[in-house]
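There are 2 protein chains.
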Amino acid sequence: MTSARAKKSPAPIIGRTAIVAGNGSLPVAVAASLRKQGANPLIVTIKGEADPELYAGEHAEISIVELGGLMRILKAENITNVVLAGGIRHRPEFSAALKPGNGNLVALYRFMRAFRLGDDGLLRAVISTIESYGFRVLGAHEVVPDILAPAPGCITRKKPTQEGRENIEAARKAATLIGSLDIGQAAIAVGRRVVALEGVEGTDAMLQRVADLREAKRINRKGGVLVKCAKPQQEVRADLPAIGVSTVENAVKAGLSGIAVEAGRTLILSYEDTLAAANAAGLFIQTFEQEKS
Amino acid sequence: MTSARAKKSPAPIIGRTAIVAGNGSLPVAVAASLRKQGANPLIVTIKGEADPELYAGEHAEISIVELGGLMRILKAENITNVVLAGGIRHRPEFSAALKPGNGNLVALYRFMRAFRLGDDGLLRAVISTIESYGFRVLGAHEVVPDILAPAPGCITRKKPTQEGRENIEAARKAATLIGSLDIGQAAIAVGRRVVALEGVEGTDAMLQRVADLREAKRINRKGGVLVKCAKPQQEVRADLPAIGVSTVENAVKAGLSGIAVEAGRTLILSYEDTLAAANAAGLFIQTFEQEKS
Numbered sequence: 001m002t003s004a005r006a007k008k009s010p011a012p013i014i015g016r017t018a019i020v021a022g023n024g025s026l027p028v029a030v031a032a033s034l035r036k037q038g039a040n041p042l043i044v045t046i047k048g049e050a051d052p053e054l055y056a057g058e059h060a061e062i063s064i065v066e067l068g069g070l071m072r073i074l075k076a077e078n079i080t081n082v083v084l085a086g087g088i089r090h091r092p093e094f095s096a097a098l099k100p101g102n103g104n105l106v107a108l109y110r111f112m113r114a115f116r117l118g119d120d121g122l123l124r125a126v127i128s129t130i131e132s133y134g135f136r137v138l139g140a141h142e143v144v145p146d147i148l149a150p151a152p153g154c155i156t157r158k159k160p161t162q163e164g165r166e167n168i169e170a171a172r173k174a175a176t177l178i179g180s181l182d183i184g185q186a187a188i189a190v191g192r193r194v195v196a197l198e199g200v201e202g203t204d205a206m207l208q209r210v211a212d213l214r215e216a217k218r219i220n221r222k223g224g225v226l227v228k229c230a231k232p233q234q235e236v237r238a239d240l241p242a243i244g245v246s247t248v249e250n251a252v253k254a255g256l257s258g259i260a261v262e263a264g265r266t267l268i269l270s271y272e273d274t275l276a277a278a279n280a281a282g283l284f285i286q287t288f289e290q291e292k293s
Numbered sequence: 001m002t003s004a005r006a007k008k009s010p011a012p013i014i015g016r017t018a019i020v021a022g023n024g025s026l027p028v029a030v031a032a033s034l035r036k037q038g039a040n041p042l043i044v045t046i047k048g049e050a051d052p053e054l055y056a057g058e059h060a061e062i063s064i065v066e067l068g069g070l071m072r073i074l075k076a077e078n079i080t081n082v083v084l085a086g087g088i089r090h091r092p093e094f095s096a097a098l099k100p101g102n103g104n105l106v107a108l109y110r111f112m113r114a115f116r117l118g119d120d121g122l123l124r125a126v127i128s129t130i131e132s133y134g135f136r137v138l139g140a141h142e143v144v145p146d147i148l149a150p151a152p153g154c155i156t157r158k159k160p161t162q163e164g165r166e167n168i169e170a171a172r173k174a175a176t177l178i179g180s181l182d183i184g185q186a187a188i189a190v191g192r193r194v195v196a197l198e199g200v201e202g203t204d205a206m207l208q209r210v211a212d213l214r215e216a217k218r219i220n221r222k223g224g225v226l227v228k229c230a231k232p233q234q235e236v237r238a239d240l241p242a243i244g245v246s247t248v249e250n251a252v253k254a255g256l257s258g259i260a261v262e263a264g265r266t267l268i269l270s271y272e273d274t275l276a277a278a279n280a281a282g283l284f285i286q287t288f289e290q291e292k293s
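From first to last, the protein sequence lines are chains B and Y.
Counted the way the numbering used here counts, the first sequence spans residues 1 to 293.
Counted the way the numbering used here counts, the second sequence spans residues 1 to 293.
Note that these hints are calculated values from the structure, not bench results.
As the structure is a computational prediction, the values presented were derived from the model and not from experiment.
You may find that some hints are simply not true.
Put simply, identical chains are the same to the list, so a pair is met inside one copy or across any two.
Said to hold, decoys possible - The calculated DSS-like cross-link candidates involving lysine-lysine, where the alpha carbons are at most 25 Å apart (straight line), are: (1) K47 x K222; (2) K47 x K217; (3) K159 x K253; (4) K173 x K253.
Start from the sequences, fold in the hints, and give me the full structure.
Here is the structure:
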């Protein structure tokens, strides 16, 4: 089944693009999409994070604390655009950034201060540092067509029940709140009650936790919904929440009946495969508009 | 080392007291304290929840959904006061409450509706149902002297550092927020950043998660603080957050430097032992006043 949504073409991208690749399948998808569009992106893998697939082709590797090293690579390769894609699973001690040869001291100082500001502050500092060197930072959705979750509605054959809608609302409220505190972007509600909130462990580990709680009979009510939404203060050029085939698989293991994501500010990786996996499992995927506050 | 806090005597309790015992060591502590005061409490163990120790002496057992059965026991034993102590780990399907012989239909209806209101609503409904039968519901702190966390200050030899105080503030804010949504009562911050939020899994499982994240090098910053506080809308006669010796042990395993709890609205079980365990491990225990909102 092909989705009915209109295919949008991204605006043409002038100059060479580098993909700074954290973990997950987003960097792989961004690279594949750019190549399909006839471009040859530079892959900059983050050590200990990037998908092994990205090491197969031409690439440069940096450590997460080597912002100076990244700038040198971008300059040497005559890069115009930078896409920051994928998460960072292993958080460094910020003192590690102090090692010699780590480039511009002013950039380093801002970078280190930003570590104290949490994810949002850090991302903003990294982006503004990269931009201060004259590069243009683009979001993954600006280079990959149709990767954003579509307008509010249900994209699967299965639709949420009344209880499913109430689960969406309870988890949406919780996920938005913890997002506003820059803690996580996801929550799970079962029986109209939020049972799990995402912290550093990430969405897959949270889904595993709910599977374990069910196994231990600490959650007996059937069904439940995973909600992911952007933080109110989200920097949309990086760290947009994402779901994909593995999210659907883990939601099934956790005994959930559906997934709901924010329309236009969440990424659906491998849209057709994700949709097919949800339809095969009888799961719903609903997109919603965030309330204006 | 004996704590300097003044020993308060609880108000004398008229009539026989029943302890409805959920999981954890609080029901055991309440029973021991009442016996020390010369009383002979009736122990009503909740099936699958209560500590095995409570099954050794005289007791009655109920299932969590048998509110009617509880009323019959309380009446038959000529009970005046009821203490609801300990948590409920295994949440029943509310339809299970529908089985025949489960007492008063009006009470049952209220009880079932309350299941949809989450923990707070359920507890309030249970308490008001018990009271509507003429029993008096008391909080554990009304029968056990000195079980409430003392006035704001540090009760251990180790004091929080500046970073420790910032961790307390970050986790306190998060714990209060999720409490206001009736999700959990605890959060953990490391490096001034909230890394874990409590859901249905409970505090010990959340501490284990942080231990695992450290093991996987996904949290590299040393130290961190566990914060527990009552929900803003907390019913103080049941479900007050508690810490004890096992909380200290699990905090040590999670690599934390301290624990902070809300003064006057959190229980410290086995105060002297908990304090001794924290002092032996070099952990701080700080109590704080919740901001008025």
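Contradicted hints - numbers only:
none
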